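Asker: Chains as they are written, first to last, in the numbering used here: chain A, 713 to 1240; chain B, 8 to 285; chain C, 5 to 468.
A portion of the hints provided could be inaccurate.
[To be verified] Taking lysine-lysine and the DSS-like style, the derived pairs with C-alpha atoms no more than 27 Å apart in a straight line are:
1. B:K50 x C:K272
2. C:K462 x C:K367
3. C:K199 x A:K1234
4. B:K50 x B:K126
5. A:K747 x B:K132
6. A:K961 x A:K978
7. A:K747 x A:K874
8. C:K462 x B:K126
9. B:K275 x B:K257
10. A:K747 x C:K43
11. C:K461 x C:K278
12. A:K829 x A:K874
13. A:K989 x A:K874
14. C:K461 x B:K132
15. B:K126 x B:K257
16. C:K367 x C:K271
17. C:K367 x B:K149
18. A:K989 x A:K978
19. A:K978 x A:K999
20. B:K126 x C:K367
21. B:K149 x B:K163
22. B:K132 x B:K149
23. C:K278 x A:K747
24. A:K1234 x C:K367
25. B:K50 x C:K271
26. C:K272 x A:K747
27. C:K461 x B:K126
28. C:K278 x C:K367
29. C:K461 x C:K367
30. C:K367 x A:K747
31. C:K278 x B:K132
32. B:K163 x C:K367
33. A:K829 x A:K978
34. A:K999 x A:K874
35. C:K199 x A:K1135
36. B:K132 x C:K367
37. A:K1234 x C:K272
38. A:K961 x A:K917
It should be emphasised that the hints constitute simulated quantities derived from the structure, not laboratory data. Only a predicted model underlies this, so the values are computations on that prediction, with no experimental measurement involved.
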Amino acid sequence: MTDFFDSPANKSSLHTGMEARERLRARYRAEWMFKALGLGAIGVSVGFLLFLFTTIFMQGWPAFTHNFVALPLELNAQTLGDEGVISEESLSGADYDAIVRTAIREQFPEVSGRTAKRTLSGLISPGAPVLLREALLADPERRNAPNAITLPLSDFADLYLKGQISRSTYRTGEGELAIEVSETGVLISGADLAAGLESSGADGKISLSREMPSLLLYAGGGVFKLETLEGNLATARILSPLDAGETTKALDWQVRLIEVPEANRKFSDREIVWTDKLVERQLVQAKFNTLFFTRGASREPEMAGILGAVVGTALTLVVTLGLSFPLGVAAAVYLEEFAPRNRLTALVEVNINNLAAVPSIVFGLLGLAVFLTFFGMPRSAPLVGGMVLALMTLPTIIIASRAALRAVPPSIREAALGIGASKMQVVVHHVLPLAMPGILTGTIIGMAQALGETAPLLMIGMVAFVVDIPGGFTDPATVLPVQIFMWADFPEPAFQQRTSAAIMVLLAFLVVMNALAVVLRKQFERRW
Amino acid sequence: MLDQIKLETTNPGATSTALLPGTMTPANPKITARNVSVFYEQKQALFDVDLDVMPNEVLSLIGPSGCGKSSLLRCFNRMNDTIDVCRVTGNITLDGQDIYDRSIDVVELRARVGMVFQKPNPFPKSIFENVAYGPRIHGMTKDRDELEELVVSSLKRAGLFDEVADRLQDSGTSLSGGQQQRLCIARAIATRPEILLMDEPASALDPIATSIIEELIDELRQNYAIVIVTHSMQQAARVSQKTAFFHMGKLIEKGETEQIFTNPVDAKTQDYITGRIG
Amino acid sequence: MSIWFVFTALLLVPGGLYFAGRGRAVALAQGEVASLHSKQEYHGAYLLIWGSAPALGVAILWLLFAGIFTDYLVAGQLGSEFSTLNAEQRATVLQTAQALLYGSAFGEATPLVQTASERYRDSYSLVNSAFAGLGTVALVLGALSGWRQISPRLRARQFVETAALWLLMAASGVAILTTFGIVFSLVFETWQFFKFVSLSDFLFGTQWSPQSAFEGAGAAATDARNAQIFGAVPVFAGTLLISAIAILVAAPVGLMAAIYLSDYAPKKARVVAKPVMELLAGIPTVVYGFFAALTVAPFFRRSGEAFGLTVSSESALAAGIILGVMIIPFVSSLSDDVISAVPESLRDGSAALGATRSETIRKVVLPAALPGIVSALMLAISRAIGETMIVVMAAGLAANLTINPLEAVTTVTVQIVTLLTGDSAFDSAKTLSAFALALVLFLVTLSLNIIALRVVKKYQEQYD
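Make the full structure from the sequences, and use the hints.
Answerer: Structure representation (structure tokens):
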């Protein structure tokens, strides 16, 4: 066997020769790749987070404003009173539905037919009469200034005004247009209204169906939905009548193209025209969406708010904190300061570590089987929810508290013991106060965990559709994450926005709690 | 050969006589260090050191702990780069090339300058894989046979082969402390470096293991220039031809080992070797 | 009795006892508090304990037995119409009657249930008053006895401290109690379930459609239908599929992120990246679920269409990937711990041989950290298996036995939620099957955790 070290191979070039340099380049490429992979992994995480936040933000932001309409409501002794006399009783029993209905119909006297009228009333939220009633009951004097009362538009009207139903493009026409309204329909001649439209039929005739983008003609004060087009001739349907007469010649006209076909949206051309009119009459104003923060659950997106869920969350977390903080700290103090090191305490420790990793839904099942079924506690109650979450956060608090207690140097204990304090006094007077910042930080983190928890609460029935704001620990309630879960299931786009908005609120709470924990940690950080 | 180079006590900044024209210089130094200072953040750990490392010689760096001898050693293969706050100034050359130059690749440098650490640090892999690690990453062997040959040669060279011949697949961490350190030496020489740096290689070992390592160092001198940091004066006297004494980050005295230990020029060296500082 | 009354009582009574005990000690010492063996505060606490402990005992008895007493009282008053029913029907009547009382009943109540409900109201107040009376008596007797014991030489501090120690001990017992509660409730209900369905049918059956169980399905284990609709294999397979996708996302990303953060990142990058990871970890899972269901799943479906693939709108892929993203920070922080635990000397040794940083990591650090990383991944898998909201919102309900990630599959947690959020009776095979699934989930996650923690512990000892 030859010994490499005696071989005459030109040793000096072993690591510096051409071959070695070539290998080195390849190795550095691998190094670069590996580093890029690492950076990529961080990039993926950061990118995902940004993507998540922007998506939620873009979707949720519009929900913080809503369009309200101030209709000239008829609030007088006739509509509000009982045989002409307005009393508290009559105010609470008045037919607000009718008041709102009348007010919106007065804006569009030309609308006839049951379906059309119903569609028209649908522009205003079905919750508007409720709000009107609440407003008048709270302050009956407001009936004297009916124009100051604003009522929410329906969710789709609101979405339309926020530009989320469809994009529209306008083309200003040239030349004179003759419009003739007859029994059978509207005949328009004088200009090629289809100019710029892509799909023209083989014979030059275009029939616009509901599955195609809508073309609206604005001329002579009226709005017409074009139905067929052939050269300079067109037929149309009236969406809004002419200012005057049955025929007119118009020089100023506009064609509006609504890109999303009528069949694909929940807001018809007619409703679009009506809403535009309300805006034109300066009756509509976009305002901060106070309803979202002051109301409970509702099937109507514009009436749905998070207050019920927020109160439910608060009640639940009060119970959680009230149970898990004292229990957690007491357990930590015992295990860290008093417990003998034996098999039993080892078991407790293993047990706590494992509890920390038990899937949260299992705690829900525990609550269902033990608290609800065995002890017969009320379903959907913040009390039970809080108890379940307390058991779930207990390991977190115990582990954090023990770490905080362990960080207190033994010299402090010895000093106190040395002047004749009992062990309990040492712990209560010296160790615990010193460890408190750490314990509180752990507790806040545990509470943040509990705040975001959903699954176990589903198990104990906190998915109930609760309209009323819960008033106590045993009232049926829901919490913010569960509210988000329920709203996410509703198909209305306005609910999707509200879900995102609720997520923003939830994340804001979490950020505040975590920031609090960080500040606490920084503020009381001690170097021994 | 010993009189070729006159390492002598110098004031910081003075040029070594070794490079002065007119002196006999049949062999060039492998490493020259000029004006080398090392800083950790604001704290200076080494002050303007000038030192040469000659081929086929063992150079001992001695001095009390914290005197900067390890810092200097770690400059020679730029291990100081791994410490963020560490800064090196001055000039160090390997075969006349500045090793802190931009064109010098640290990976290549470390392949050429092997290092053995104070505490044996075998990788948690088999004995074979430990030794094969360097050749593998540098792509030094063409095939498995060649690699095996290299591993066996290295183990033999490190005087460990006979003890582990039948258990090359056992974990490197299963060996005794002395064996582990020889494994680390085998690992270092398998990369076929030109210089070996040893940072107190025997300080964690018992006397028997230490003497084996010391014999090994003496043998390895045939092929390498060796720089060894040690806090044991006896060890320095036993294994090295040249010795440099450091104190408080300054190179106090350098020269023939015999001269340093028998007839030191500087009073501090005298104090140290007689045990008055340390 | 309003909640505020209870609150006030809970504050006033102990407060009163405390100050009474304290005052008595001071009075007995005739103002010379230094002559007391224990400080007067301990005398206050002494009386507080003597007074409240017996009352507390009565409260616990009330919590445990009030329901049973009331049931007994009500059943006794309902007469023959009730007593002729079988045990199961009786339980249903009593349960519905209570639900009616709480206002959470569904549908029309029968006259019997209505009567029972009224009886419940009366009986509850009777039982509650009885216990309240008992509690008051216990309180007074206890307090009197404590009062008489207070004297200057009373070793009140020792007593109070011992009591406090017992309290602390009891608090750490809650954790044990919780585990017992979980095991007890899961095992008990699962045992009920296996009366309807045999264990092998459940564990090895390939057809899972408990929703098709008509009311009262599974009256007996002999019912052939049960064997067909309670086969949990598709559910387990779906869980594994989604967890596997999640791990395939989380393991490389989390591990590489941890490596980058521990070995490459300059300080500035670490300052940014660490909080991002913590933020990812802190986002509630319901948010991930919403995102998966409304953004990611439709996106996959559309991209699938673009390539001519049919992607289910509840595909395992979408749920799995988002689940994976959720556990990235988990994997990365655990791996960061184990990677940092690899001694620096090994990195130095490798670097000194001329290894590049990535060679050191790939060939020395990672193999050395392997046991730790494996156990980190096990913990991550356990987390993925137990995660509920993401899969509930983004994965399917139908139990398909498939390994195609583009199809919809269901998971154990999804099934538990669907089976238990309906309003069917609590004792049908359908709802009980949720507990059987939960027991499997609990056992699997528990064993993964125990093994992983063992491995980590051993691994840490290796480098200590």
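Asker: Can you confirm whether the C-alpha distance between C:K461 and C:K278 stays at or below 27 Å?
Answerer: Status holds; Cα separation ~25 Å.
Asker: Against the 27 Å threshold, does the CA-CA distance of A:K747 and C:K43 hold or violate the hint?
Answerer: 66 Å, violated
Asker: Check the hint pairing C:K462 with B:K126 against an upper bound of 27 Å on the C-alpha distance.
Answerer: 22 Å, holds
Asker: Straight-line Cα separation of B:K149 and B:K163 no greater than 27 Å?
Answerer: 21 Å, holds
Asker: Within 27 Å, alpha carbon to alpha carbon, are C:K461 and B:K126?
Answerer: 24 Å, holds
Asker: Given the proposed pairing of C:K367 with C:K271, does the C-alpha separation stay at or below 27 Å?
Answerer: 25 Å, holds
Asker: Within 27 Å, alpha carbon to alpha carbon, are A:K829 and A:K874?
Answerer: 24 Å, holds
Asker: Take the C-alpha atoms of B:K132 and C:K367, compute the straight-line distance between them, and say whether it is at most 27 Å.
Answerer: 10 Å, holds
Asker: Going straight from one Cα to the other, do A:K961 and A:K917 come out at no more than 27 Å?
Answerer: 23 Å, holds
Asker: Within a Cα-Cα threshold of 27 Å, do C:K278 and B:K132 meet the stated pairing?
Answerer: Cα-Cα ~32 Å, so violated.
Asker: For the pair we were handed, B:K50 and C:K271, check the Cα-Cα distance against 27 Å.
Answerer: Given pair B:K50, C:K271 holds - Cα atoms ~21 Å apart, limit 27 Å.
Asker: Quickly compare the C-alpha distance for A:K747 and A:K874 to 27 Å and report which way the hint goes.
Answerer: 45 Å, violated
Violation of the numbered hints given earlier is confined to hints 3, 6, 7, 10, 24, 31, 35; the remaining hints are satisfied by the structure.
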